[in-house]
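> This is what each chain is made of:
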Amino acid sequence: MEWLASFWATYSTLVLSVGTNVLLALSIYLTLACGLLTVANAAFMGIGAYTAGLLTVHAHMPFFFALLCGSLLPASIALLIGRPTLRLSGVYLAMATLAFGEVVRILILNAEDTTGGALGLNGIPQLTGWFDVALAVALALYVLLALARSRIGRTMKAICQDETATELMGLNVRAYKLFVFVLGGALAGLAGALNAHFTFFISPNEYGFERAVEILAMGVLGGTGSPWGAVIGGILITLLPELLRGLGHYRPLINGVVLILIILYSPRGIWDLLRPARSVRRPAAN
Amino acid sequence: MLKLSSLSKNFGGLQVLQDVSLTIPERGIFGLIGPNGAGKTTVFNLVTGLLAPSAGIIEFFGERLNGMPPHRVTRRGIARTFQNIRIFKEMTLIENVSVALGSRPRYGALRVLLPTRRTREAERLETELARTLLAKVGLADRAERLAGTLSYGEQRRLEIARALATEPKLLLLDEPAAGMNSSEKQQVMEEIVKLDESGLSILIIEHDMSFIMGLCREITVLNFGSVIARGTPDEIRASPAVIEAYLGREESRELSD
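If you read the sequences in order, they're chains A and B. In case it helps, our numbering puts the first sequence at residues 12 to 297. In case it helps, our numbering puts the second sequence at residues 1398 to 1654.
Next up, chain B with everything else stripped away, as it sits in the complex (with noise of 0.2 Å):
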């Protein structure tokens, strides 16, 4: 569903991303890792059209999103995370959801200024809808409090509900676990398992390897902006490339254990 042709992006003289060409199939969870400034975010950033490709072209369902305002590529089913968690902290969590919701309104501008019950009922059922996307991430409890109170994970967990509420086709998590302690990334990887039965595609970067490796189908490895490696999780583990560029020995023995 979604195809990066040889896309490159320079700033200035630096290049960030030479010919990367990535393909992510309908249905399942997908890995893109690579040491600090490999420009894995980049790629996300490439995807959603905040920033336009130098070169190459990015498809999704057949369809050029090269040039797309980032809201038209939301709306055509590409949400995302941050790895700087960027929730709306003085909202509420319903409110939060609700903004991404109201990209689709289910009532007219007109409703706006003259409130029926009809566009009450609406929003009535706008409010219910964000509280069952927050149950999915465990949230529900949290419904009424600002979102800034909530602690690092609960943030991230936020941002996927939000994300969640565009009603996306591919969901992309920039580090979803990072910062997060063993028992909380045990919840988001669970959290991620359902996102998957659910029947989306998910992009994943992640630093933890024993996160990335129990979770994903596919794994693609950048170094300096190019693909290095691209496989299963065992094909990435054994991988020369991806060992002496990335994983080091001590970590790649640490991980055939």
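Extracted from the complex, chain A is given alone in its bound form (with noise of 0.2 Å):
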């Protein structure tokens, strides 16, 4: 038990880390698997991450309150501006969510009152626990693979690989993708609760550019075929660092060999490199 306090005290915000970033790599699972290059994930992220740190540090709402508030304001937020940037597509849509993602940066930098601006909300109690990151992870894990199961995940696929045709097969499309959109912000608003009460600390550049590209690379690395593929990535993109800790400088380089080697060498992810089966059954061509 000796080796697992020491390693628990070494490696909590690691492990709860790759929790969290699970969460975030499932949330842009959502959309990438309908076909959406969305990048707002970041920003749901951060809006998830103050609501609820402002909750329990202001106003010393209890925890689970916390957590509530921060995925389903997000929520909120995904679904008032779902309905007007989802009829956009391809890098439209991804330009709209990116423009999103710096308005919330900003308007949190902002609002220093509030949010502390750029000196970040400090002082957030440490309230997250292994138990809470691997229940949250577990029960959205759970529902995602319900979905990809169910006629709503291949109606997910269907959306994915041609639009117009599931639409005149009498499926609300634009439904689906707010849905997937909206379900989206929850949980990432969710990893940003979580996350920050255990960082102590946030900051509105937490949930830049560089964020959302991150979450992007979670969801493209271990591929969409399957929340599994989420999963994986979220794991690989968090612990890779770590691994090549011993490269110094160069570690932020080797991270991008990675990550090219895998596009190129399997463009749909980690997940299908896992399933032979299944590409052999594929066609040569397309």
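Just to be clear, a hint being listed does not mean it is correct.
Listed next, the in silico EDC-like pairs over lysine to aspartate or glutamate satisfying Cα-Cα at most 16 Å (straight line) [claimed, not checked]:
| no. | chain 1 | residue 1 | chain 2 | residue 2 |
| --- | --- | --- | --- | --- |
| 1 | B | 1486 | A | 124 |
| 2 | B | 1486 | A | 173 |
| 3 | B | 1486 | B | 1551 |
| 4 | B | 1533 | B | 1564 |
Read the hints as simulated data drawn from the structure, not as lab findings. The structure presented is a predicted model; accordingly, all values stated were derived computationally and were not measured.
Hey, can you piece these two chains together into the complex? The hints should help.
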């Protein structure tokens, strides 16, 4: 038991980060599986983190309530911005959600009185335990696996391949897109809320462009064929920098090379590599 | 059942359809022909809600379809196939058809999260229904394959099975025989006749004259976005306007043989 205690003392933040990053990867999986390139999840994470953080720090609200608000508020905002932005597709959707992310970051930066601005929000109580993260990941994974297995997952797959054809099958494609966007927002917000309660301190720049790309990388690296892909992506992107610690300054470089290699050799992500049976049946053309 | 009144569509300054009126009664096979660029597919796109008409009215069983989103048009009972096949290539045939069955879910959303025996039973029935539909177009033996592995003609038939899964009253087929050899064409013709017997109306766009003349009860001819003729296959063959605008001398002699 002693080694476990010392392991936890050293690596608790890392283990918890793996959990919250898996949640983030799952949040981007939802939209990627529908073929939607959105990069708003870092902003949703930020909204969740600040909502929950402010509730526990200033309003002394119970942790559970803070977590709930930390995922419901970004979900509501996703509902609001989803209606107009999800009409866009491809790069335009990416640009619109990127712009939204910047707006959120700058709003947090400038609302100094409540958020602390550039100085960040300090002294967030460390309430997140391994149990909370494990429960959140298990719950999210259960829901997403159930969705993926059901007719909803089948429709998501169809939308990803041909939106117009899916619509003409009598399915409300716009509603499906809004649904995955909002659920993704809730998950990213929950990840942010949990994350804020073990890092002690949060600042607006943690939820900017770099984070958005990192989340996207987890989703793409793992693969969008299954929620398990997102789990793999989340774990790898968190652990890779730690495993490469010995490389010092070259760490980000190797990180990038690994990403490029995987995108080159398995554009559908690592999950696809692990399922050779499926790729044999795939037609060689296209 | 379907009534187009003075339908027009322009893209900017380009008039694609002008004042097109067309009525499709219940039951029967109807043809829509015309040279390339005559606006045939645009008619399908307007009817299915993919495009909004610039002017005119689209009615289906007396209900106006103008401005209705595509998924609702489909649920009203209009299904279509595409000129450039649009199947879900990376899904199995069963999955392709099941997607279309999903517009009439046989179990609620909550059942997705907490599947019970009844959910699984509903799913099993859905798969069975999909298999039956695939059998209708002669693809039952390939049900578990990925759709992308099918031949061109088989993909077209899969599209028809998928369209049927939405339980249409009117089926719009956009060049169902394109790129097929003559035996495949014959097979598709037989399938279309069978569909007609099952009680739905079918509107076909097709370039293959023997195909369309052999199947249709009535044919409408479009040229440069306007209706230039309408009638039975024999009337169309004899129409001077059609011969001049579309068929040409050589082809007209060939057809009257």
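> Determine for every hint whether it applies to the structure shown.
Each hint tested on the structure:
{"no.": "1", "hint": "B:1486 with A:124", "result": "54 Å, violated"}
{"no.": "2", "hint": "B:1486 with A:173", "result": "9 Å, holds"}
{"no.": "3", "hint": "B:1486 with B:1551", "result": "12 Å, holds"}
{"no.": "4", "hint": "B:1533 with B:1564", "result": "14 Å, holds"}
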